[in-house]
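Visitor: Chain by chain, the residues:
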Amino acid sequence: MMMTIDSRNHIEEELGSLKREALYLAALARESINRSVWALKERDKAVAMEVIKKDDEMDDLARSIDQKCLQFLARFQPLGEDLRTVLSIMHMAVDMERIGDYGDNIAKVALDMSDQLPIKPLVDIPRMAQLFSQMLDRCMEAFDRCDVETAMTVFPMDDQMDDIETQILRELLFMMMAKTERIEQATQLLTVARTLERSGDRVTNMAERVIYICTGETVRASGFRRPKQEGTL
Amino acid sequence: MAKDITAIEVTDLNLNYGTTHTLKNISMRIKSHSVTAFIGPSGCGKSTFLRCLNRMNDFIPSASVSGSVMIDGRDIYAPGVDVIELRKKVGMVFQKPNPFPMSIYDNVAFGPRIHGVKDRTILDGVVESSLRGSALWDEVKDKLHSPANGLSGGQQQRLCIARTIATEPEVVLMDEPTSALDPMATAKIEELCRQLKEKYTVVIVTHNMQQAARISDDTAFFLMGDLIEFGPTDRIFTSPEDKKTGDYITGRFG
Amino acid sequence: MSRKYVDRLASAVLWTSAATLVIVLLSVMAYILANGAEAISWEFLTQPPRDSMTKGGISTPIIGTFQLVLVSMTFAVPVGIATGIFFAEYASAGIFTTMLRLCVRCLAGVPSVVYGLFGLSLFVIFLRFGSCLLSAGLTLGCLALPLIITASETALLAVPQDFRLASYALGAGKWQTVKKVVLPAAMPTILTGAILSVGRVAGETAPIIFTGAAFFAPNVAKSLFQEVMALPYHIMVLATAGTHIEQTRPIQYGTVLVLLMVVMGVSSVGIIARARLRRKRK
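Quick note, the sequences are listed as chains C, A and S, same order.
This note's numbering numbers the first residue of the first sequence as 1 and each following residue consecutively.
This note's numbering numbers the first residue of the second sequence as 1 and each following residue consecutively.
This note's numbering numbers the first residue of the third sequence as 1 and each following residue consecutively.
Chain C extracted, bound-state conformation:
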């Protein structure tokens, strides 16, 4: 009788646990953006505080992922796909941790704005957050299953993010021009839109990383997006 030994057992175990932590961090990042935007929309101080508190947990988790990647490299001296995975997880953890910071920023804006009268009901900013969630979900699904095609669908979505941001920018500009006392709040909302757009960029980076893990090729998201239009606001 033959006894087979799966030489990949140990490495798969460690790699699997790293991946799970990365996915968990992504879920936290997603939550951070969604909750903070919700807090902003609903003027909910408590939720905003909660998001700010959660940011420390994310920082710790990101640091622990970094540490684990380091240990993995030292122990297994991985090559090929394993090496690409670990290296990419290290980069992605930075992106996710940064998204958490963005959520933190938005939550602070939400706290600030909670006592003010809203200049307008928020529609597009929650849409951005929703779109961001979709992007992140697809990116993580692609990461989990090593699915290049799903990862590719993230790139055009970043165009949509940009579109909404431009739209928000335009709308707020008009509002500010109409009434100067709106400027303070409008600027804050502008910052939120910009922050959300950056979160989208981070997810795009992560999708590039996922493709690198799966294929070993470095792709540039810009190659999969529509060409930049000149002269638009």
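These aren't lab readings, by the way, just hints derived from the structure by calculation.
Note that CB positions come from ideal geometry on N, CA and C, so glycine has one too.
Certain hints may be false.
Just a few of them, taken from the derived set where beta-carbon distance is under 7 Å, the chain A residues facing chain C [claimed, not checked]:
(1) 210
(2) 239
(3) 240
DSS-like mimics (lysine-lysine), calculated; alpha carbons at most 27 Å apart, straight line [said to hold, decoys possible]:
(4) A:96 <-> S:174
(5) C:19 <-> A:199
(6) A:141 <-> S:174
(7) A:118 <-> A:199
(8) C:45 <-> C:19
Below, a sample of chain A positions facing chain S; criterion: calculated Cβ distance under 7 Å [unchecked claim]:
(9) 87
(10) 117
(11) 141
Let chain C serve as the given structure and place chains A and S on it in line with the hints.
Guide: Showing chains A and S alone in chain C's frame:
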């Protein structure tokens, strides 16, 4: 040193041991003054291929070779090739350190002597420069005439390298040179490989993928007598093109 | 029967047989030593025999024995090593080689008297050397040849293949490899084998009776074509063919003792050399 000059050009090399097809249509271009590593699971033909490069397979009566191996613009398998000249030009270091049971000096001087060098001053010079070339001089300069067997394993292997470079080869073949050595001695040999490529073309067979990744410029992956992939080490160990290479370097088989 | 009991029985039997051998050997040696020691003196070792071998010493047989050993080894060592090299390095595997090797093995088992008759017909009669030091030496050489061939072959085959490969990889030819690497590495073992065969040669009687050993020679042989006296034959002569067997008895024991010393001396040199070699290899 000029880079990207071809040192060895192998075209459609086939080798049969009796009825076993051990190497199948191997073609590759080994760059001059570089370290080229051969990796692959046991029995994949990498050592056999290495031995084809200085015709050490000649000693196995049942082996037959077809195809060509061009070194210095000449096919080493063409009729009338002087095998002795070839081996002088393409030296070899073996898996187990195998210094001759004689003094350190005589070991290094062995090659020059059999090639007709008798002048003591010349021999002294060759011995010193070869031992310096293998980073052994400082350790043995005071005991050149004591037996080589008294050296440690790592020193013995460096002595074997000195013995090989004493014949002023162009290519140094190494067949798993560190598999019998401890990590420190291994690290020394690895560093030596890096230095050797300044003057020689180094081809090394190794079981240790990390070693290949550390020291080589190009890497060839062999599997069951086929050359699966050959390319820059930087690419092979990060983003191999062939799935089999990827599976091997991540330990999925082999 | 219990296993334990069988074990005890087996070791008892083996111990007994080993002890018997040692006891026999020791008693023979003790007997010879007891009887021969009184005969040994400076005169005994340095004077030739006198008065129909009833008086005097055994200097001529001692020197004769050394001369025979010298002649036989001068012949057998180079030829034996050369043949060993042939078998170990050059002979290709095949029926011819196998046959040759078998012959050598058989020769080692041929009774020494057959060598004597062979020497008589080849050297003494056919080559017309006559009964002399040369014929006897060559005959003893033939006797030692299979031993030296086998020792050389074994020693050469024991040289690690790595050495040969390393030498070839440096561009050495076959003969260069054999001469400069393999043979030097095997030489100590080969010489040990040769020394051990000296012991055998020095003690043989049968091969030299017909080929060159003298019943009595007043002087040491000065050329290869003179007969010589030799210790083993001298013993035989004293013990069986003399006219004064009773009177020569102490001389007989003394001669036996000297021969025993010579053979044991040579053999122990070989054994010590071999032991030192083994230690060095480790």
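Visitor: Each hint needs a verdict: does it hold in this structure or not?
Guide: Now for the hints, and whether the structure bears them out:
no. : hint            : in the structure
1   : 210             : holds (5 Å)
2   : 239             : holds (3 Å)
3   : 240             : holds (6 Å)
4   : A:96 <-> S:174  : holds (22 Å)
5   : C:19 <-> A:199  : violated (46 Å)
6   : A:141 <-> S:174 : violated (31 Å)
7   : A:118 <-> A:199 : holds (25 Å)
8   : C:45 <-> C:19   : violated (33 Å)
9   : 87              : holds (4 Å)
10  : 117             : violated (12 Å)
11  : 141             : violated (22 Å)
In summary, the numbered hints that this structure violates are 5, 6, 8, 10, 11.
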